[in-house]
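A.B. asks: As a plain string of letters, each chain reads:
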Amino acid sequence: MIDLVGDRAKRFKVIFLAAALALVVCAVTFAMGGYREPEFFLQKPGGMVVFAFVGCWILIILAKLVLTPLLQRDEDYYEKGCDDSDV
Amino acid sequence: MILMFENFHPGIIFILVGFLAALCAPKERRMILACCPVLALLGMLRIAPGTDLQFKFLEDFTIHYLYVDSLSWIFAVIFCVFGLIGGIYSCHNKSPLEALCSMAYVGSSIGVVLAHDWITFLFFWELEAVTSTFLIWNDPRPTSRGAGIRYLLVHTLSGNLVLFGVIMKLVQGDILVHNLMAGPYDAAFWSILAGVCINVAAVPMHGWLVDGYSSATLTGSVFMSSYTTKVAVYSLLRIFGGAELLIGVGVLMALYGATFAVMENDMIKLLSYHIVSQVGYMVAGAGIGTSMSMNGATSHAVCDILFKSLLFMCCNAITYATGIRKINQLGGMAKRYPLVFICFVVGAFSIAGVPFFNGFVSKMVTIEAAEEAHMGIVALLLELASVGTFLSICFKMMYFIFLAPDKGMAPEQRAIESNMKIAMVMGAVLCTVIGCFPEFSLYQFLPFGPVGYVPYTVMHFSNQLIMGFVAVIPFLMFLPRMEPHTAISLDTDWFYRRPFKACVLGIAYLCFGLCRSLGHAWGVGVRQIMVVTDNPMQFLDAKPFHEKKRYSPDNYRTSIADTIMIILTVLFICIFYFRTSL
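Protein chains in written order, with this note's numbering: chain Z, 1 to 87; chain L, 1 to 582.
Each hint should be verified, as a subset may be incorrect.
[Claimed, not checked] With a straight-line cut-off of 30 Å between C-alpha atoms, the simulated DSSO-like cross-links for lysine-lysine are:
| no. | chain 1 | residue 1 | chain 2 | residue 2 |
| --- | --- | --- | --- | --- |
| 1 | Z | Lys-13 | L | Lys-407 |
| 2 | L | Lys-94 | Z | Lys-64 |
| 3 | Z | Lys-10 | L | Lys-335 |
| 4 | L | Lys-27 | Z | Lys-13 |
| 5 | L | Lys-421 | L | Lys-501 |
| 6 | L | Lys-326 | L | Lys-501 |
| 7 | L | Lys-421 | L | Lys-326 |
| 8 | L | Lys-56 | Z | Lys-80 |
| 9 | L | Lys-335 | Z | Lys-13 |
| 10 | L | Lys-407 | L | Lys-421 |
| 11 | Z | Lys-64 | L | Lys-421 |
| 12 | L | Lys-326 | Z | Lys-10 |
| 13 | L | Lys-326 | Z | Lys-80 |
| 14 | Z | Lys-10 | L | Lys-407 |
| 15 | Z | Lys-13 | Z | Lys-80 |
| 16 | L | Lys-407 | L | Lys-501 |
| 17 | L | Lys-27 | L | Lys-407 |
| 18 | L | Lys-421 | L | Lys-94 |
| 19 | Z | Lys-80 | L | Lys-407 |
| 20 | L | Lys-335 | L | Lys-421 |
| 21 | Z | Lys-64 | Z | Lys-80 |
| 22 | Z | Lys-44 | Z | Lys-13 |
| 23 | L | Lys-27 | L | Lys-501 |
| 24 | L | Lys-27 | L | Lys-94 |
[Said to hold, decoys possible] A short list of chain L residues far from chain Z (calculated; beta carbon distances all over 12 Å):
| no. | residue |
| --- | --- |
| 25 | Asp-69 |
| 26 | Ile-239 |
| 27 | Leu-339 |
| 28 | Glu-383 |
| 29 | Thr-486 |
| 30 | Ala-487 |
| 31 | Ser-489 |
| 32 | Trp-494 |
Note that these hints are calculated values from the structure, not bench results. Ideal placement from N, C-alpha and C gives every residue a C-beta, glycine not left out.
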């Protein structure tokens, strides 16, 4: 099993590997003419790289830093102080 | 045998299979659930497109109970296919009620998509709600009872809205189910749309889905993941295809589900949020209304049934074996259950749209349709939801459940049943076959003309790979804080679980208090009248009413003074009367 939480070195290795793979795919697509006549932002070279990176951060920040403190409660939140938990 | 089922309603076959399974002993039930859905599938495949079976009802109505066109055909076939897989997955169940309800649920879902008139549509719509409620109530957890009641209340509201609209349609002489976008946009239109939107789990009316599915039985939630929302998607495509309002609703659903899934700790709740998210693509596709987007919505519904149920089957298999539902208590499951891990990877790659898996050939159709319709923002937001799918299923679930070190909190309680493994493998194979050969297995059956989308281009291929490779970077950078912790996320169901509940209870207590006070006052009044009428003479003696005395004949003897007084009064009245009249 892989402990990426405790092992920072391994985590950074995976990050570099993922970044390298993304750049390789981007380069191969460019070489094969995949980015010809882009009509849409995501079809431009590197468009998806920027979008996925920024988009992923937006979702993480929104979910983990904004919504989690606002909306998360104890597991027995609905049962607490309630004689009748039927409805 | 097959000929016997020609033009026989496949939904009715499923319902009969359910009754048969419920009446049989467990060993026979296992065989019936695993094998008999094949008859319904074969029966469905033998029904020719254009078939319209009907009978007269109450002289005025013709019930079109089985109508097959290209749209209803593809939905009915995939419902039958998953009825078969689900039957195999659940055949080890000991509960006859669950066997009956799960098969009747499949049958009623097929009934809705094959209905051609409003009455049949409504009948199966309601039957679907009732049968699925029992899949929640059949779970032994104490919280399931309340969740089932809430689920039933929400679906009763949905059913009543559809009923209201259907009654208005019938009054107008509009008997057949058809696209209502030509107008009029009257109360019937909005009422049916609202009813369907509740069932499609449109935000903010989606609370029932996460609440209900996570409270259902392990096998029940697998069935539920595939039918209720997809039946509603079919209804949107059939009745409201092209309603622009749905584009915004769909985009909101896609993003909302993807965001809330990142926070979630319960496996089934997380997957339920992804149902909301994936159904959002279909709703947006129905709203865009072009043939490409409608085909995209249809194909994504077909693929979603397969990959989402596969993910539910994998997670429920782990819960079945370990008794654990929380992600933060799991870990190391890839080593312990390698087959489940492989199937989960197929499901996760499918839902994320990785090439060679079925989500890749279906999800992108809707996004491309939005681009072609010059709705760049819609396409971008749907892509963003796609990033969220990678984040919460491909990375979060896959790492913390399967690849992270085992925390030792989930010892094996029982082995995963062989029928569950067979069903998971069937689902995984179908996801891969459709992903590899979309033209042959999916696109040729789509109902809105040629799909006009080529999935395997360099651009599509590389964009999905890049999305996966890049999205993993923020996930790993944030990994120490990505692990979910033991908590629940409040959602829109909070409104009817807290303030609305308090309001209802307050009104109930008020009514109860009022009734009790009135009842008490009424009781006192009646008692006193009884005492007075029981013995008026006692009343005239002005004796206390409430005083209970031992029996004594003296109590019933009046004094001589009273008698003289009465006689004299009557005498004076008579004299006065006769004097004045003379």
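A.B. asks: Compare the structure with each hint and give your call.
C.D. replies: Hints and how they fare:
no. : hint                    : verdict
1   : Z:Lys-13 <-> L:Lys-407  : holds, 24 Å
2   : L:Lys-94 <-> Z:Lys-64   : violated, 41 Å
3   : Z:Lys-10 <-> L:Lys-335  : holds, 20 Å
4   : L:Lys-27 <-> Z:Lys-13   : violated, 53 Å
5   : L:Lys-421 <-> L:Lys-501 : violated, 42 Å
6   : L:Lys-326 <-> L:Lys-501 : holds, 28 Å
7   : L:Lys-421 <-> L:Lys-326 : holds, 22 Å
8   : L:Lys-56 <-> Z:Lys-80   : violated, 55 Å
9   : L:Lys-335 <-> Z:Lys-13  : holds, 23 Å
10  : L:Lys-407 <-> L:Lys-421 : holds, 24 Å
11  : Z:Lys-64 <-> L:Lys-421  : violated, 35 Å
12  : L:Lys-326 <-> Z:Lys-10  : holds, 26 Å
13  : L:Lys-326 <-> Z:Lys-80  : holds, 20 Å
14  : Z:Lys-10 <-> L:Lys-407  : holds, 20 Å
15  : Z:Lys-13 <-> Z:Lys-80   : violated, 45 Å
16  : L:Lys-407 <-> L:Lys-501 : violated, 39 Å
17  : L:Lys-27 <-> L:Lys-407  : violated, 37 Å
18  : L:Lys-421 <-> L:Lys-94  : holds, 18 Å
19  : Z:Lys-80 <-> L:Lys-407  : holds, 29 Å
20  : L:Lys-335 <-> L:Lys-421 : holds, 16 Å
21  : Z:Lys-64 <-> Z:Lys-80   : holds, 25 Å
22  : Z:Lys-44 <-> Z:Lys-13   : holds, 28 Å
23  : L:Lys-27 <-> L:Lys-501  : violated, 44 Å
24  : L:Lys-27 <-> L:Lys-94   : holds, 9 Å
25  : Asp-69                  : holds, 34 Å
26  : Ile-239                 : holds, 31 Å
27  : Leu-339                 : holds, 17 Å
28  : Glu-383                 : violated, 6 Å
29  : Thr-486                 : violated, 6 Å
30  : Ala-487                 : violated, 4 Å
31  : Ser-489                 : violated, 5 Å
32  : Trp-494                 : violated, 9 Å
Of the numbered hints listed earlier, those contradicted by the structure are 2, 4, 5, 8, 11, 15, 16, 17, 23, 28, 29, 30, 31, 32.
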